[in-house]
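Participant: So you can see what is in the structure, the chains are spelled out below.
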Amino acid sequence: MAYLSLAKIRRRKKRDGASYWLLPLLLVVLFIAILLSLGIGGVSIPPLASAGHFLSYLGLTHSDLQPQEILILEAVRLPRTALGLAIGMALGLSGAVMQSLFRNPLADPGLIGVSSGAALAVVCVIVLGDSLFASFLEATSSYSLPLAAFAGSLATTALVYNLARRQGATDVAVMLLMGIAVNAIVGSFIGLLTYIADDSELRSLTFWSMGSLSGAGEATWPSIGIMLFASLLLLRLSGPLNLFLLGETEAKHLGVATEGIKRQAALAAACATGAAVAAAGMIGFIGLIAPHLARLIGGADNRFVLPAAALIGALLIILADTIARIVVLPAELPIGLVTSFIGGPFFFALLFREFRKRRA
Amino acid sequence: MTLSVKDVSVVIGATTLLQNVTLDLIPGQFLGILGPNGAGKSTFLKVLSGELSPSHGTVTLDGIPLKVWKDEALARRRAVMPQASQLAFPFSARAVVAMGRWPYETLSSSFQNHRVIERAMAIADIRHLGKRSYPVLSGGEKQRVQLARALAQSFGTEDETDSKYLLLDEPTAGLDIAHQHAVLKAARDQSKNYGTASMAVLHDLNQAALYCDQVALISNGRLVASGATAEVMEPARLSRIFGCTIKRQAQQVKEALSFTSSL
Amino acid sequence: MTYPIRHLFLSLMIFPALLVSAVAHSAPNRIITVGGPVTEIVYALGAGDRIIATDTTSKYPEQQENLPKVGYMRQLSAEGLLALQPDQIIALEGSGPAPVLDTLKDAGIAVTFIPELNSPEAIHTGVLAIAGILGTEENGQVLGHSVKEKLEVLQQQAQKRENPPLVLFLLSTGQGSPMTAGRGTAIDTIIQYSGARNAATDLQGFKPMASEYILAHAPDYLLLPSRTLEQAGGLEALKKDPLLGKLKAVQENRVLSLDGTLLLGLGPRTPEAIATISDQIFPNNR
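Residue numbers (the numbering used here), protein chains in the order written: chain A, 13 to 372; chain B, 87 to 349; chain C, 455 to 740.
So here's chain A without its partners, still in its complex pose (with noise of 0.2 Å):
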């Protein structure tokens, strides 16, 4: 047909309405904050230096790093920085995704199960570690809590994407319903656990629920690559997921093959915020607020908004990290607890906006 050939020819077009513009724009101010989280920390270097020091691997420049600095710049603050950007990213893609999957601006990867997952999965390993998944520690040792997570996020969800599943269909409705029943029965076992723990066992979950960056490292790398690898996947189903939010029937009448994209979706959120809580815990709100920020200042078109909330959830995670790191040094707080506590306000402000608005 006439049509087939033309199809070739004109590929990727400018689309209308959307402010694409905004994109680059993100992106020197996420590489400012990269700048700033590289060059601010309890040793103190000079951001410019350290920018100097990472070209003078290029021949541009020459480094006056003493050896300490750069053990810090490259040892310390490099991987974390790289994990804060993958994590980010991660987070604010899959919260923009799942939103849009189930029409709901509050919408979380949490809400299929990923993040119960994760957690059930680490409680297990912390508190029955020793006894009952010995030869599992021993197998994967410094692996073995990211290793669970992933594991963790990943089977919880697949169990509520199949329990949500009627004759080759998933209803949204029905998956949203059945992420609250396994959430709960998930959170259950996750207080039985705990209340078998101990007070060191304790501390640590309480802990890894807050959130922490400063497992990074060499272990967290390929929890960096699954984060990368998913988060690619995701930013291909923009287009669809647009459709998506004026409903699955509507989506699937104007041609999008919605059974694919929901279990495209749900799994490629799943490894990304399964990978997320792998490497660094449990961090709120991120997955919240990148998406809206990212609608707040773009309008509401997905080829816009996933890139966006990708960027803004990198920006955010790394200016927390580096508040994290600075506030009460020489210890350093729960990442968890510095976006939650600059999230909750955050949030509040956006739904008075949000009443204001709908009032005029």
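Any given hint might turn out to be false.
Per the computed footprint, the stretches of chain A lying under chain B, defined by three or more beta-carbons under 8 Å from a beta-carbon of chain B, are [as the list claims (entries may be wrong)]:
1. 253–260
2. 265–273
3. 303–315
Anything over 12 Å on all C-beta distances counts as not near chain A; from chain C, calculated [to be verified]:
4. ASP560
5. GLY589
6. VAL709
7. ASN738
Hints listed in this document are in silico derivations from the structure and should not be mistaken for laboratory results.
Just so you know, even glycine gets a beta-carbon here, dropped at the ideal spot from N, CA and C.
Position chains B and C relative to chain A; hints supplied.
Facilitator: For chains B and C alone, kept in the frame of chain A given last:
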């Protein structure tokens, strides 16, 4: 080259929603579906759109079962205007209309898309709403945006020759009288000017008589009659189906049929 | 950056650092202690002035209150620690996270783990190990020996007691089910060595105890951290408590209290803690 329903039954649990319905949608014709509440009109539309698989019988487009069609290819052939569509995110009305061009994402130039979208918005009388946020529009305005979206989808590309199918589920619900006429006129024009097979679930007998080329009467899940409007809309048959007295008013030749009803 | 490059790079710049640390290792004088008992032992060995920072689980002695705190022992910050420029970190086993301590080792800082002090023998070995690091072996021998000896004497005394009384420990009073200490806790050891029986041996670790259970067990003595007793308003206020007031131990003034830092973990002061309790329970025959 038709969208054909052959001997279709839909049974859900113990309830039979449709029973042995056979009907063709003919390109260039505007078909009105009439029947009392719960007769199976919407079920019939769902079967036609592929949303619901029949328990028995076949639905084919160009002789190929709907199930075999890829979602994307099917979307380039038939558009559906839903009864009500909520949107929780602040898309502009124009952006919602533009979603109708999704099936042609890789086939149509942005210039052509722009023209089609403008035309669809003009027909639905929503050009002045283009920049408004969809969620804050009134119910009737939302309906018209959905109409424009369906129209944008059914306009296709300039170089297509395949016939299009436009399915409207109670398109006049919630609209003021002027816009009710505008919607029906749009569907009829689509058939007349572009050879589209349009189909609308309707409640107003006079409007059906005024705009539709063909009418199908559905009652208790069965197709009672279908064919040219004047032949199908017999007062006696209508009275029996709807359970009230329906009379045809005296009329001149070439004037549309008109009906009055009373209990 | 890939690992091989990073490793090569790290080893190149760590080499001089290692030389420095080898010299420093003989007598570390910028020490960070992580874990309450570790801090306590370093002070007991007379090397408190060499500590530059401690963690939040370190509560004793009072001098260390003025030192910078590096956070909770399991949530240390690599950069925070590095910025203090320590030459030795002595940490209780379980301190972490592991990658943070690995980074410190990479930076040429000596990191030594002390096994948890969960038994009298462990106190002895812990004291010796820490003394070895500090270069105060003689002090270590003396302290370790005296702790061990005192504990052995207390244990012998305890074993001779007939009809040991029942002691119930409660971490808190007032609202809800109060926390008690079961098997495997320092409090369990302290109660046993003082010649009494722990009323909560059915439980493992710190657990909330049901009110009915508390009444049913009818302990002969109630043991509280001194702060808990203060917060409850003292013994007289305790007698009016709807639950604890019904206990014979409370009505007949058999309430023991002890500084929390003594109760919550074993350490060099444990013999004194045991003796204090033992003296209150058996005032006449030592």
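Participant: Run every hint past the structure and note whether it holds.
Facilitator: Evaluated hints:
1. Coverage of a stretch by a chain is defined here by at least three residues with a beta carbon nearer than 8 Å to that chain's beta carbons; for the segment 253–260 of chain A and chain B the count is 5, and the condition holds.
2. Note: the segment 265–273 of chain A has 6 residues with beta-carbon separation from chain B under 8 Å; the three-residue rule is met and the coverage holds.
3. Residue count for the segment 303–315 of chain A with a Cβ under 8 Å from a Cβ of chain B: 4. That meets the three needed, and the coverage hint holds.
4. Chain A draws ASP560 of chain C into its interface by the beta-carbon criterion, the shortest separation being 6 Å against a cut-off of 12 Å.
5. Listed as a non-interface residue, GLY589 of chain C keeps its Cβ farther than 12 Å from every Cβ of chain A; the least gap is roughly 25 Å.
6. With a least beta-carbon separation of about 24 Å from chain A, VAL709 of chain C lies farther than 12 Å from that chain, consistent with its non-interface assignment.
7. The claim that ASN738 of chain C lies off the interface holds: its Cβ sits roughly 36 Å from the closest Cβ of chain A, which is beyond the 12 Å cut-off.
In this structure, only the earlier hint numbered 4 is contradicted, and the remaining ones agree with it.
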